[in-house]
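Student: Okay, here's what each chain looks like letter by letter:
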Amino acid sequence: MAHWEHFEHQADIGLRGFGATLADAFGQIALALTAVLTDPEGVRPVRSVDIRRSAPDVESLLVDWLNALIYEMATRRMLFSRFDVRLENGDLQAVAWGEIIQPERHRPAVEVKAATYHELAVERHPDGGWMVQCVVDV
Amino acid sequence: MNLSRLIRISDVEWRLEPSGPMRVPGVLFADETLLAEMDDKVAEQVANVAALPGIVQASYAMPDAHWGYGFPIGGVAAFDADQDGVVSCGGVGFDISCGVRTLLTGLAREEVDRVRERLADALFHKVPAGVGSTGSIRLNEQRMREMLTGGARWAVAQGFGTEEDLSRIESRGAAEGARPEDVSDRARKRQEEEMGTLGSGNHYLEVQVIKEVYDPAAAAAFGLRQGEVVVSIHCGSRGLGHQVATDYSKRMLEAAGRHGLHLPDRELACAPIRSPEGQAYLGAMRAAINCALANRQILGHLVRQAFRSVFGETEMPLLYDVSHNTCREERHEGEGSSRTLFVHRKGATGALGPGHPDLPDDLRAAGQPVLVGGTMGTASWILVGTREGAGRAFASACHGAGRQMSRTQATKRWQGREVVDDLARRGILIRCRSMRGVAEEAPGAYKDVSRVVEVTQAAGLARKVARLAPLICVKG
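Taken in order, these protein sequences are the chains called F and A.
Residue numbers 34 to 171, in my numbering, belong to the letters of the first sequence in order.
Residue numbers 321 to 796, in my numbering, belong to the letters of the second sequence in order.
In case anyone wonders, no lab produced these hints; they're calculated from the structure.
Predicted, not measured: the structure shown is a model, and the values here were computed from it.
Some hints could be false.
[Claimed, not checked] No more than 20 Å apart at the CA atoms, straight line, and that leaves these computed lysine to aspartate or glutamate pairs for DMTMM-like:
id	chain 1	residue 1	chain 2	residue 2
1	A	K509	F	D97
2	A	K361	A	D351
3	A	K509	F	D83
4	A	K531	A	E655
5	A	K570	F	D160
6	A	K509	A	E548
7	A	K361	A	E333
8	A	K531	A	E774
9	A	K361	A	D585
10	A	K570	A	E548
11	A	K570	A	E466
12	A	K446	A	E501
13	A	K570	A	D502
14	A	K732	F	E41
15	A	K732	F	E38
16	A	K509	A	E461
17	A	K531	A	E633
18	A	K531	A	D768
19	A	K531	A	E430
20	A	K446	A	D585
21	A	K361	F	E152
22	A	K446	A	E635
23	A	K361	A	D400
24	A	K446	F	E137
25	A	K531	A	E548
26	A	K570	F	E137
27	A	K570	F	E38
28	A	K509	F	E92
29	A	K361	F	E41
30	A	K732	A	D742
31	A	K570	F	D72
32	A	K570	A	E635
33	A	K570	F	E41
34	A	K732	F	D72
35	A	K446	F	E132
Produce the complete structure using the sequences and hints provided.
Tutor: Written out as structure tokens, the structure reads:
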């Protein structure tokens with residue numbers, strides 16, 4: 034059931050992550066973030082970065098999580114393709130795996146400026162699975 | 321857009337009467353065709369902005385308005401600190417001080433045509449563009465502080481461009497009141513390797529020919545001659561500005577309850593101008609404006625170097641540099657007196673009319689050049705501010721074409737290679753790092769910028785001076 038998708042937004046790009054648990058859905062939406070730049074399949078998980086965040090509510094935590102990844106991507110010039118996410122009492126502890134951008138191989142299309150609060154959603158479906166969504170500014 | 325809620329004032333001006341929590345009316349500058357293409361959410365966002373504390377006169381949407389975050393893109397709104405007015409990072413946008421700068425070359429189109437491939441390669445080689453590209457300038461803590469305070473003035477002092485450039489940049493090259501201490505370490509870190517880079521997405525560097533002149537007097541004052549070539553750069557405050565917006569969206573949201581602000585949309589994140597959060601944001605945002613001005617000054621220098629490597633010693637004076645994502649403290653007439661207002665322009669440019677004291681001496685008679693970006697395949701425009709514009713929307717005008725199709729749709733519809741080949745057949749050379757990036761920016765994904773410009777003129781916001789057509793486009 035774990036998967037991700039992009040959805041239409043006039044000026045920017047909408048991201049969705051689906052998973053059996055909320056943490057899985059957070060991992061999937063992170064893949065959707067990478068896919069804004071390049072095909073995640075082409076990103077080798079050879080280096081890891083630890084990310085910790087806490088927020089008063091789960092929607093804010095989702096924005097913080099994506100903004101943390103955007104920051105690490107920008108400052109380390111990395112792309113990420115594997116995510117181990119743990120969520121507990123409003124705290125997020127994650128390890129993101131990826132590699133340094135190689136423009137010739139990854140052909141990154143567009144950089145992401147920020148995750149926004151626009152169309153932000155965290156939903157639990159009747160089957161127990163989770164869906165998280167966010168629009169990013171590119 | 322459903323027009324039933326709007327009152328038609330003229331063919332190009334529509335009014336949304338105050339209702340519910342709205343403190344002032346909404347005003348949309350558009351004709352029926354542009355309104356038909358506009359999402360209903362634009363009117364909803366105009367109404368939400370009209371409900372914010374301390375807003376004066378009206379909540380405006382420019383002819384290129386589209387659905388943004390919190391505020392519409394193409395939104396203009398002014399707030400009075402004396403009426404408990406707010407400042408909003410949602411009203412400025414994530415790319416603080418994104419803008420356009422245009423340099424004159426004095427070269428005829430034929431001179432450029434002869435060396436087009438070489439010039440395109442020289443520009444592509446010289447100007448770092450695209451995701452992950454880095455500049456050659458590294459700033460330590462002290463130089464970062466100087467840059468954030470000095471803007472383009474700092475860049476000139478470092479040898480990028482000339483003193484003459486500064487009079488052709490808004491606020492003479494640097495926003496006053498910048499507070500580098502309110503810019504986070506994370507924002508600084510994001511800028512470490514990004515000084516003098518173009519970025520990606522809709523940012524570009526374009527060599528353009530002046531196709532047609534509409535206002536000979538203003539064109540003469542601006543140094544624009546039909547058949548000559550200019551260069552335009554569209555770019556913003558890079559990682560630092562994006563991070564400032566991210567940091568303060570969060571901080572303003574956390575403080576909203578404390579300030580008694582009930583926001584229908586989290587992207588309306590704002591704080592009273594006279595609050596610690598409001599003041600800190602203003603200080604950090606002005607520092608980000610200076611980062612954008614310094615960045616475009618450096619890029620202008622790199623463009624001049626590339627031209628000189630092809631044409632030898634050439635003068636390339638700066639026509640003007642305008643920002644279209646800002647909040648500025650300005651004096652405006654209204655309700656019988658002159659007052660200081662905090663004017664938010666998100667996807668809208670300033671457009672000062674003739675005689676305005678903030679214009680440089682040699683442009684005061686003509687008015688401010690308003691630089692309107694187009695797409696890779698269509699046209700860009702140079703307009704001029706009008707006297708009547710001051711009374712309409714705080715001397716503001718449109719900023720560009722605006723998307724009509726999402727990136728996802730665009731990549732389904734076009735292949736990057738097709739777009740590049742099609743443009744080549746029409747005599748437009750593209751240099752880019754990513755073909756998918758080109759597909760996402762295909763000209764067909766944007767609205768018709770010429771219609772936006774016609775309505776801008778008909779509404780009295782600015783007047784047409786010249787239309788530019790692309791010859792070479794370097795995409796990020």
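Student: Given the hinted pair K570 (chain A) and E137 (chain F), is their alpha-carbon gap at most 20 Å?
Tutor: violated, 36 Å
Student: Under the criterion that the straight-line Cα-Cα distance not exceed 20 Å, is the pair K361 (chain A), E41 (chain F) satisfied?
Tutor: Roughly 15 Å between the alpha carbons, so the hint for K361 (chain A) and E41 (chain F) holds.
Student: Is it true that the CA of K531 (chain A) sits at most 20 Å from the CA of E633 (chain A)?
Tutor: violated, 25 Å
Student: Is the hinted pair K531 (chain A) and D768 (chain A) satisfied, with a Cα-Cα distance of at most 20 Å?
Tutor: holds, 17 Å
Student: Check whether the Cα positions of K570 (chain A) and E38 (chain F) lie no farther apart than 20 Å.
Tutor: violated, 26 Å
Student: Sort out whether E501 (chain A) lies within 20 Å of K446 (chain A), counting only the CA atoms.
Tutor: violated, 32 Å
Student: Could you grab the alpha-carbon distance between K732 (chain A) and D72 (chain F) and see if it respects the 20 Å cut-off?
Tutor: holds, 15 Å
Student: Given the hinted pair K446 (chain A) and E132 (chain F), is their Cα-Cα distance within 20 Å?
Tutor: Violated - the C-alpha atoms of E132 (chain F) and K446 (chain A) are around 26 Å apart, more than 20 Å.
Student: Quick one, are K531 (chain A) and E655 (chain A) close enough, alpha carbons at most 20 Å?
Tutor: violated, 42 Å
Student: Are the Cα atoms of K531 (chain A) and E430 (chain A) separated by 20 Å or less?
Tutor: Holds, because 13 Å separates the two Cα atoms, which is no more than 20 Å.
Student: Take a quick look at whether K446 (chain A) and D585 (chain A) sit within 20 Å of each other, Cα to Cα.
Tutor: violated, 42 Å
Student: Within a Cα-Cα threshold of 20 Å, do K732 (chain A) and D742 (chain A) meet the stated pairing?
Tutor: Within the cut-off at roughly 17 Å; holds.
Checked against the numbered hints given earlier, the structure breaks hints 4, 5, 6, 10, 11, 12, 17, 20, 23, 26, 27, 28, 31, 32, 33 and 35 and satisfies all the rest.
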